[in-house]
Amino acid sequence: MPGTSLAVEADGLHKRYRSKVAVDEVSLAIPTGEIFGILGRNGAGKTTTVELVAGLRRPDRGTVRVLGLDARRDRARLRQLLGVQLQESHLHAALTVAELVHLYGTFYRDPLDSGELIESVGLTGSRDVRFQNLSGGQQQRLSIALALVGRPRVVILDELTTGLDPQARRQMWSTVERLRDGGVTVLLVSHAMEEVERLCDRVALLDAGRVVALDSPSGLVRRAGFAQRVTFLAAEPLPEGLLEGLDEVERVRADGGRVVVEGRGDLLQAVSVALVRAGVVVTETRGERATLDDAFVALTGRRLDTDRHDDGLRDEGRHDDEKEALR
Amino acid sequence: MTDIAVHRPGLRSWAAMLTCELKMVVRDTAGLIVPIGLPMLILVMNASAAGDEVVANGRTALDVHVLPLVFTMVVATTGIVNMPSFLAYYRRSGILRRLAVTPASPAMVLVAQVTVGVLQTGLGIAAAWLLAMVAFGAKPPVNAGAAIGVLALSTATMYAVGMIVAALAPTPNSAVAIGLALFFALGALGGMFGGRGSLPDVVASVGAWLPFGASVQAMSATWVGAPVPPAHLIGLAVSLLLGGVVAAACFRWD
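Residue numbers (our numbering), protein chains in the order written: chain P, 1 to 327; chain Y, 328 to 581.
Derived by calculation from the structure, the hints in this document are not laboratory data. Be careful, since some hints might not be right.
What the hints assert, rightly or not - Label-pair restraints from in silico Cβ distances: (1) P/Gln171 x Y/Ala462: 58 to 64 Å; (2) Y/Val461 x P/Arg73: 58 to 64 Å; (3) P/Arg198 x Y/Arg339: 49 to 55 Å; (4) P/Ser174 x Y/Cys577: 43 to 49 Å; (5) Y/Ala575 x P/Ser27: 26 to 32 Å; (6) Y/Val572 x P/Arg198: 53 to 59 Å; (7) Y/Ala576 x P/Asp293: 46 to 52 Å; (8) P/Arg73 x Y/Ala515: 46 to 52 Å; (9) P/Val260 x Y/Pro433: 55 to 61 Å; (10) Y/Leu446 x P/Arg198: 46 to 52 Å; (11) P/Asp70 x Y/Pro433: 52 to 58 Å; (12) P/Asp70 x Y/Ala515: 52 to 58 Å; (13) P/Glu177 x Y/Cys577: 46 to 52 Å.
What the hints assert, rightly or not - Now the stretches of chain Y that chain P is said to cover, found in silico as 3 or more residues with beta-carbon under 8 Å: (14) 346-353; (15) 424-435.
Note that CB positions come from ideal geometry on N, CA and C, so glycine has one too.
Build out the structure end to end from the sequences listed, making use of the hints.
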């Protein structure tokens with residue numbers, strides 16, 4: 001049967017809410033064992049895309065197969081193999097961590113040991129705390145534990161580390177890396193660049209419901225159009241052609257006293273030497289490598305982080321699709 | 328890849344779901360007061376006066392009028408007020424959405440919910456019955472089998488009415504509000520406040536067809552050992568059917 005080595009195979013997905021097109025001709029092919037990132041701004045269609053993959057919504061057009069099974073038609077079989085952490089996941093408020101992990105474990109044929117699972121997400125100290133009394137970060141970790149309790153072969157994690165402190169975030173990242181080591185395919189929705197760069201084998205960049213780029217994180221960074229950037233403030237205009245003539249330099253932009261030099265190789269060193277030789281006094285010199293963020297700007301013309309999700313937004317209690325529909 | 332069999336959660340999972348549902352009900356203390364506390368209060372308030380007044384067949388007004396009212400209240404509060412508010416909470420909170428991506432089916436929630444509701448009803452009735460016997464010398468119905476039958480039909484009907492509330496209420500709060508309003512309206516028409524004699528004739532006869540009044544009067548008949556007037560049974564059955572149809576047509580899991 002063709003395509004069976006693909007864990008997730010989405011073909012021409014299209015989903016519209018009222019007048020707003022949330023997902024527009026999205027196609028994905030994710031091989032088994034890959035950590036695949038979906039990156040995009042709020043309302044770009046990330047959540048709708050994974051909900052279509054999870055079989056929670058019916059696409060207006062297009063098909064999704066997960067492990068060779070149709071996401072809607074074969075839902076009953078797929079549920080055993082698919083672990084899902086939803087972005088706005090609410091659980092029985094009056095039940096404790098241990099009770100919820102046990103309950104969700106009973107849904108699956110061969111669940112993980114609940115004690116070990118609770119330990120692995122760092123909730124052992126809170127096992128008898130009711131869901132409603134957990135902190136946001138703890139609720140998030142419990143939600144991830146419940147996505148993993150059935151030993152899934154494909155895991156969907158929507159905003160894995162939103163609301164987590166840096167230590168918990170790193171702990172979650174190692175959990176995801178262990179999943180990959182175990183051959184599990186992970187579909188990771190994120191707008192945390194650092195997370196995507198560290199974890200993902202490949203990333204689909206979504207903008208306005210469309211895949212605008214699909215590549216490895218480093219491949220995407222290359223699309224930023226430059227590898228490195230040096231910025232500084234110059235007290236006086238630079239001599240004509242001073243930096244443009246350097247091998248390392250690809251582009252120079254001056255905006256008042258602020259100069260941005262893009263290029264490759266040992267750019268910072270080359271620029272510094274040239275400036276000193278010419279006797280130009282500069283301040284606030286900064287060298288940086290291109291990031292996914294730069295790639296995002298280059299590809300979509302907008303920054304990724306200007307509209308960051310925060311917990312306040314998540315707690316409004318509206319579904320993401322409604323938010324997307326209103327946008 | 329196609330060797331994956333459908334695996335439905337087994338008995339262990341049903342038991343876990345039921346246990347969780349029970350724990351939630353017990354932890355929601357306020358939810359227990361209405362179906363168990365309120366009927367007991369009505370019982371205590373009316374029992375001492377009604378206990379001496381013999382109606383027929385050695386059954387007092389307590390047995391014939393107060394107990395059917397109290398039992399109906401237990402069934403109605405659980406079915407019309409508690410069950411819809413729990414279902415609305417489930418639906419609104421996103422729990423059902425979360426369960427929808429697991430092998431568990433929403434039917435598990437519904438069945439666990441109804442089971443717990445029936446247990447609650449049983450507890451409320453047992454408590455009221457025990458109190459009435461021990462403290463006020465209440466006697467069992469002359470026609471006990473029919474009484475149990477009427478109680479079962481009333482329970483089913485109240486749940487069906489509750490499903491209408493659950494289907495139509497947009498939020499958990501409105502489910503409680505609609506449920507309570509409906510409960511008091513049906514109760515008032517069915518003689519919960521001061522007997523049907525004080526109601527205008529038309530209102531009283533309409534009330535006798537509606538679930539609350541029909542349940543009280545049908546149960547009342549079994550207590551004195553009189554045949555149950557078919558009108559009450561038909562009234563209950565019609566409400567049951569109507570509730571089922573509306574729920575099936577309008578109830579949404581998300």
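Hints and how they fare:
no.: 1; hint: P/Gln171 x Y/Ala462: 58 to 64 Å; in the structure: holds (59 Å)
no.: 2; hint: Y/Val461 x P/Arg73: 58 to 64 Å; in the structure: holds (59 Å)
no.: 3; hint: P/Arg198 x Y/Arg339: 49 to 55 Å; in the structure: violated (39 Å)
no.: 4; hint: P/Ser174 x Y/Cys577: 43 to 49 Å; in the structure: holds (47 Å)
no.: 5; hint: Y/Ala575 x P/Ser27: 26 to 32 Å; in the structure: violated (38 Å)
no.: 6; hint: Y/Val572 x P/Arg198: 53 to 59 Å; in the structure: holds (55 Å)
no.: 7; hint: Y/Ala576 x P/Asp293: 46 to 52 Å; in the structure: holds (51 Å)
no.: 8; hint: P/Arg73 x Y/Ala515: 46 to 52 Å; in the structure: holds (51 Å)
no.: 9; hint: P/Val260 x Y/Pro433: 55 to 61 Å; in the structure: holds (56 Å)
no.: 10; hint: Y/Leu446 x P/Arg198: 46 to 52 Å; in the structure: holds (50 Å)
no.: 11; hint: P/Asp70 x Y/Pro433: 52 to 58 Å; in the structure: violated (21 Å)
no.: 12; hint: P/Asp70 x Y/Ala515: 52 to 58 Å; in the structure: holds (53 Å)
no.: 13; hint: P/Glu177 x Y/Cys577: 46 to 52 Å; in the structure: holds (47 Å)
no.: 14; hint: 346-353; in the structure: holds (count 3)
no.: 15; hint: 424-435; in the structure: holds (count 7)
The structure fails hints 3, 5, 11 (numbered hints given earlier, in ascending order).
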